[in-house]
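Please arrange chain B on chain A, whose structure you already have, making use of the hints.
Going down the list, the protein sequences come from chains A and B.
Quick note on the numbering used here: the first sequence kicks off at 1 and runs consecutively.
Quick note on the numbering used here: the second sequence kicks off at 310 and runs consecutively.
Bear in mind the hints are in silico, worked out from the structure with no lab data behind them.
Hints are not guaranteed to be accurate.
To be verified - The list that follows gives simulated cross-link-like pairs (lysine to aspartate or glutamate, EDC-like), each with its CA atoms no further than 20 Å apart:
{"#": "1", "chain 1": "B", "residue 1": "Lys386", "chain 2": "B", "residue 2": "Glu532"}
{"#": "2", "chain 1": "A", "residue 1": "Lys74", "chain 2": "B", "residue 2": "Glu564"}
{"#": "3", "chain 1": "A", "residue 1": "Lys74", "chain 2": "B", "residue 2": "Asp553"}
{"#": "4", "chain 1": "A", "residue 1": "Lys74", "chain 2": "A", "residue 2": "Glu133"}
{"#": "5", "chain 1": "A", "residue 1": "Lys219", "chain 2": "A", "residue 2": "Asp170"}
{"#": "6", "chain 1": "A", "residue 1": "Lys205", "chain 2": "B", "residue 2": "Glu532"}
{"#": "7", "chain 1": "B", "residue 1": "Lys386", "chain 2": "B", "residue 2": "Asp479"}
{"#": "8", "chain 1": "B", "residue 1": "Lys386", "chain 2": "B", "residue 2": "Glu457"}
{"#": "9", "chain 1": "A", "residue 1": "Lys74", "chain 2": "A", "residue 2": "Asp101"}
{"#": "10", "chain 1": "B", "residue 1": "Lys386", "chain 2": "A", "residue 2": "Asp198"}
{"#": "11", "chain 1": "B", "residue 1": "Lys386", "chain 2": "A", "residue 2": "Glu200"}
{"#": "12", "chain 1": "B", "residue 1": "Lys386", "chain 2": "B", "residue 2": "Asp356"}
{"#": "13", "chain 1": "A", "residue 1": "Lys74", "chain 2": "A", "residue 2": "Glu51"}
{"#": "14", "chain 1": "A", "residue 1": "Lys219", "chain 2": "A", "residue 2": "Glu62"}
{"#": "15", "chain 1": "B", "residue 1": "Lys386", "chain 2": "A", "residue 2": "Glu62"}
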Amino acid sequence: MVNMAVQIGGLPLANPVMPASGTFGPELAQVFDLNRLGALVTKSVTPQYREGNPLPRLCETEAGVLNSIGIPGKGLDHFCVHAMAEWRRFAPPLVVSLSADSVAAFAEAAARLAGTPGVAAIEANISCPNLEEDGRAFAMHPHSAAAAIAAMRAACTLPLWAKLSPNTADIAAVARAVEEAGADAVVVANTILGLAIDIERMAPKLGAGMGGFSGPAFKPIALRLVWQCAQAVRIPVIGVGGIASAEDAVEFLMAGASAVQVGTASFVSPNAMLNVLDGLQAFCARRGFARVSDLTGLALPGRMRPAAE
Amino acid sequence: MHPVVEATARVVDSAPVGRRYHRLLLDAPELSAASRPGQFFHLLCRDGAGNGPYLRRPMSIWRCGPGRQLGFLLHVKGRGTAALAALRVGERLSLLGPLGQGFRLEPGWRRILIVVRGVGLATLAPLTEAAAAQGIAVQAVLSAQAPEDLMAAEFAGDSGAAITSVFDSDGSSAVPAVEAFLRARFEGADRPDAVFTCGSNRLFLLLQRLAAEYGIPGQIALEQQMGCGLGMCFCCVRQIRAPDGTVQNLRVCAEGPVFDLQAALAW
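The following block holds chain A by itself, in its conformation from the complex:
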């Protein structure tokens, strides 16, 4: 029997498979038992109500999806009172993705979540625009990413995961900055900015113009980002980006991730996370790994690899 448990910065998870924020909701419980997942990750919650972006909000490519949904939501009050009542029905640790447009707003919201029973960790979505820096995403620069994380760290004692963006020149520097600022883990990575144009309408296909690209075509890039971050920090890396199969997840673990998130694949196959979980266990059993955590970092340079079985 393979031990599937992992530890993410002090938070124990029964297994390393969880959803990616924005591609998941309690609605998926219509398809399978969500208690099988290692953790649950909410859509990003924002301090205030947000309408969301104009349609179309999604457009597909050959092997992926561009989205610009715009984080529609009813705001933090509604989340803490109403949405949490529904989330508490499930057993896995609940990771609340949090987005805000200023350092102070991040800190205030983190304190509110820390006082809300049932929140196990915060995933700071610092890929959103920072209104104090002309709308540039917090995660673009080490100093602004660190400022947001440090303020949240000071405001709460919950495990704090920083979700990094590929839209930056030096992701390892951003990872180091958020580690120093007190993050307990980094989630690598958010979607990469992309564009598609409708040549008949002569306009972007998405209502908002640019969008975040995700799905299988993004996987090599996300895997490279995980590999870079895993060599830059000591805190755990959670890998995300184009994972659709157990083999994909094994690659991310071997690149240095301690857990994985599955996102866009759930749109194509709602059972994708279960298939990743079962396949991961089968891989460990077949290759003689007693613990799934033994896979982490096996392909990193200079790591001791287990003797061939």
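Frame of chain A, contents of chain B only:
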């Protein structure tokens, strides 16, 4: 145990209907029995060789019920529907469903009236049979470009629905003509207890206006591009009027696709 199932089903019939449409029947007895008129399935549109678009496509249920094959009637107009139309008998199709909120038939109703255009009739077709099974008489206005595009048999099945056909080709589908026809029904002895529509913005606006004027409840099935089909991605929202008059974005996949006729806004 879980109300929504991701499954594969064997194609038992795949054939063109008229100039632009295609019918697919699947051997999926449990899913067919669990399906309700107005609901939809999210189909992975891959042909026998596995080619097709990345995301699934929502497709309203055309035929369903205990002991019946699960059926879809599609308008072949893009990569997804072309891949579905290329499926042959014996090949398998991945489907997710049944999804969404279907039509509601109130006890005590004796007559309903359906106004549909184009392939919108596929969405309303199972309602004609559900109504007939409850002893509710169905009258329908089918609107199409030309007589050769009409799919009266595909619509009515064995329901015995009374059908009035209108066409662009002879001008009978023009809004004033349809309005005169509907007013005569709404003022006559066979006034419907409820009205239903799908497939045309023009006919929707007409029916919404007349139903409000005559105080007749109604339901509309809306279409929208979808991502997940389950309510997680928020890409299929449409503006829907709440009872207090405010307008909110609701998900066609989760709160719909069937909405109150007066709550829907034009598109």
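Status of each hint after checking the structure:
no., hint, verdict
1, B/Lys386 to B/Glu532, "holds, 15 Å"
2, A/Lys74 to B/Glu564, "holds, 16 Å"
3, A/Lys74 to B/Asp553, "holds, 18 Å"
4, A/Lys74 to A/Glu133, "violated, 25 Å"
5, A/Lys219 to A/Asp170, "holds, 18 Å"
6, A/Lys205 to B/Glu532, "holds, 18 Å"
7, B/Lys386 to B/Asp479, "violated, 25 Å"
8, B/Lys386 to B/Glu457, "holds, 18 Å"
9, A/Lys74 to A/Asp101, "holds, 16 Å"
10, B/Lys386 to A/Asp198, "holds, 17 Å"
11, B/Lys386 to A/Glu200, "holds, 16 Å"
12, B/Lys386 to B/Asp356, "holds, 15 Å"
13, A/Lys74 to A/Glu51, "holds, 8 Å"
14, A/Lys219 to A/Glu62, "holds, 14 Å"
15, B/Lys386 to A/Glu62, "holds, 18 Å"
This entry does not satisfy hints 4, 7, going by the numbered hints stated previously.
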